[in-house]
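I would like the entire structure built from these sequences, with the hints used as guidance.
4 protein chains.
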Amino acid sequence: MQDLASQLAEVGRLCYARGWALGTSGNFSAVASKNPLTLAITTSGVDKGLLEPNQIVEIDERGRVVRGTGTPSAEATLHLAIVRSRGAGAVLHTHSIWSTILADAASDPAGGLTIEGYEMLKGLDGVRTHEHREWLPIVENTQDWSAAAPRIEAKLREHPEVHGFLIQRHGLYTWGRDLSEAKRQVEILEFLFEVMGRKRGMAWPL
Amino acid sequence: MQDLASQLAEVGRLCYARGWALGTSGNFSAVASKNPLTLAITTSGVDKGLLEPNQIVEIDERGRVVRGTGTPSAEATLHLAIVRSRGAGAVLHTHSIWSTILADAASDPAGGLTIEGYEMLKGLDGVRTHEHREWLPIVENTQDWSAAAPRIEAKLREHPEVHGFLIQRHGLYTWGRDLSEAKRQVEILEFLFEVMGRKRGMAWPL
Amino acid sequence: MQDLASQLAEVGRLCYARGWALGTSGNFSAVASKNPLTLAITTSGVDKGLLEPNQIVEIDERGRVVRGTGTPSAEATLHLAIVRSRGAGAVLHTHSIWSTILADAASDPAGGLTIEGYEMLKGLDGVRTHEHREWLPIVENTQDWSAAAPRIEAKLREHPEVHGFLIQRHGLYTWGRDLSEAKRQVEILEFLFEVMGRKRGMAWPL
Amino acid sequence: MQDLASQLAEVGRLCYARGWALGTSGNFSAVASKNPLTLAITTSGVDKGLLEPNQIVEIDERGRVVRGTGTPSAEATLHLAIVRSRGAGAVLHTHSIWSTILADAASDPAGGLTIEGYEMLKGLDGVRTHEHREWLPIVENTQDWSAAAPRIEAKLREHPEVHGFLIQRHGLYTWGRDLSEAKRQVEILEFLFEVMGRKRGMAWPL
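As they're listed, the protein sequences go chains A, B, C and D. Mapping the first sequence onto the numbering used here, position 48 (from 1) lands on 102, and the numbers just tick up by one. Mapping the second sequence onto the numbering used here, position 173 (from 1) lands on 227, and the numbers just tick up by one. Mapping the third sequence onto the numbering used here, position 48 (from 1) lands on 102, and the numbers just tick up by one. Mapping the fourth sequence onto the numbering used here, position 195 (from 1) lands on 249, and the numbers just tick up by one.
Worth double-checking, as some hints may not be accurate.
Copies of the same chain are indistinguishable here, so a pair counts whether it falls within one copy or spans any two.
Said to hold, decoys possible - Below 30 Å or equal to it, Euclidean Cα-Cα: the simulated DSS-like pairs (lysine-lysine) are: (1) Lys88 - Lys209; (2) Lys253 - Lys88; (3) Lys176 - Lys88; (4) Lys176 - Lys209; (5) Lys176 - Lys253.
Hint data in this document are derived by calculation from the structure and do not stem from the laboratory. Owing to the predicted nature of the structure, the values given are computational and were not obtained by experimental measurement.
Laid out in structure tokens, this is it:
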């Protein structure tokens, strides 16, 4: 747990440095125990640029703190839903400029964002070629994640091919078998969002 | 006071690193004593990338230096007006690319900038939902802040819901109960300015 | 070899810091021995922000590991093709936002990208004046570099004036007599890509 | 001289970190002696990210090295012309993305770039109000600075109000009484170039 907390704190500081977790935005978790399920997760309202291991608490599968002090992120139920539906070992939520902009409105009829044909896509788990079509659902923002989490968990079970999702005007959720895989997926997706976003500002078509 | 000066110097260096206080721009203060009111405030003309505690002076409520050496920022009267009208414990003025651009001209009929519907707004003091409509007044720039400060103080008393304001082609003022709250609000607002600014460069509507 | 591995690791971390090798993207090599030819090259799937010398292996001219542990980059055959056809001492592949965008589609009839009239071009090997017209071929992306490398090697022999090439939606390859020359060319070309890319977003013509 | 060389090296590394002196671009000088005039100046072809004091040489008023080893920048005659015509104590040439783009073509009939009405202008030497109209000449690029320097020196004498100039597709020259003033002016002007450049990408008018 101590080791996980240190690694989560380091990931948080890296995301802050890149501008992906300014203010008190962003939250990060990793599975501390599989059976019974517990998560190490960042507490609410902390400055990610100064994130320290003692700002990480351990919660059980109902979101109650079992170790450490502090209030877990209000989105803890979302982390638990992702861990359950995906068997993820780590869940990272970044709140970057480009993910916020691209999550402003769905850009495809299925209500999501489609990214296709980029080499960088191969950094996503299981993708073997750039000739890949990645689809990220864009879900509505809410302040009641306990109510919304089951719907998102159902959506993730319905779309097992998905590597992340966007929350409208709120940012990205992605995950991985462990923290380093989840960090890699954050970088891949944030890179692709910036490419997509910058291209939309150009005089030539997408 | 020594501790406050160190914290202000650190905030200054962080803002410089992000490009929010280049040249000698930006100025930062925190309440050192409430009764009588004194402020720790950055001196004029210093390089924020090299900001040291000894470049912070303590001023009284009339802006006179009571501790340390150096000339307080020419905008000290504005800091004092904000502290008085808001009960703020810290006031930060950043001078970023995006706040300068967005403060070029009012974008709403009320003479300000409106930001609405972003999750990041919840980082502002007292905001509980993304379904929030934040309005920032844009005030005219001047070189006579002693004359302008009472007008701005009156405007802030008239709009108690406001979390910051922009000065035309000059940047942002925001505040907080203490320095870490003020720093959080700087990051929240600068993030939202960048989102708004980048969206204006795009082919799709706001 | 140990020294080369340290230098490659440092170049990798610098490219990561600039956002040119996020996720596990980018790969970097330098000639360890000329006769027989061996290359020090980054292994596949490593985080360039944490790149360490022990993540560099030595491969022979057929791409087989002769020192160190790990799988060499899948693009090792491309590095070897460049070293053979150009006599390069180091080969760097960055995967930046702007090179990805500019490599989206050829912007000239010859199937490449033309950059002309910039002082920065003088940082390219042998260029003596800003009145220079640099042409970078844009090659198709593939997942079979063993098959594609001979075609690229032939193209490079056909165009001895070329200082780098782009892979469609995948990034830049450039090289130099040694690692510091290759690093200089990466910076020159990435700078020029950003200039070209940003200009395309503007209201005034290229 | 040793102290000056250390300060120049630090300024060079800072400019490199901000992306204003990539590749081997940029060159920096400071007056080492007034009578006879000598300059400490960066040598040609060095990596500004690794700039060390021993990569700074001292030259006399004819550009000959009088201390240290290495070739002074090819633009040394330009530095000397600026020192002579302005009485500057330090001269900095940055080669940033935005200065390169804005120096692509004159944007006013007088053959320069006009920046007006920004608070940041007050960071320029002698400017007391934001209601200031700064004009930067844009001069043609050349590879023969010995021939061009007298013309630029004459232009600077003709326009004593000027704080810097742009070279077409090549970047910025500015100066100051000492190195910290010159550094401040670099930051002021680079900030304003970025503001101007980003505004040109927007849907609303300048």
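ask   = What label fits Lys88 with Lys209 when the C-alpha limit is 30 Å: within, between, both, or neither?
value = Close inside one copy (23 Å), not across copies (54 Å); limit 30 Å.
query = When no copy is named, should Lys176 and Lys88 be tagged within, between, both, or neither for a Cα gap of at most 30 Å?
reply = Classified as within: same-chain Cα gap 28 Å, cross-chain 33 Å, threshold 30 Å.
ask   = For the identical chains here, do Lys253 and Lys88 meet the 30 Å Cα criterion within one copy, between copies, both, or neither?
value = neither (42 Å within a copy, 42 Å between copies)
ask   = Given a CA cutoff of 30 Å, do Lys176 and Lys253 count as a within-copy pair, a between-copy pair, both, or neither?
value = Both: 20 Å inside a copy, 28 Å across copies.
ask   = Can you tell me if Lys176 and Lys209 fall within 30 Å by alpha carbon in one copy, between copies, both or neither?
value = Intra 23 Å, inter 26 Å, cutoff 30 Å: intra and inter.
Checked against the numbered hints given earlier, the structure breaks only hint 2 and satisfies all the rest.
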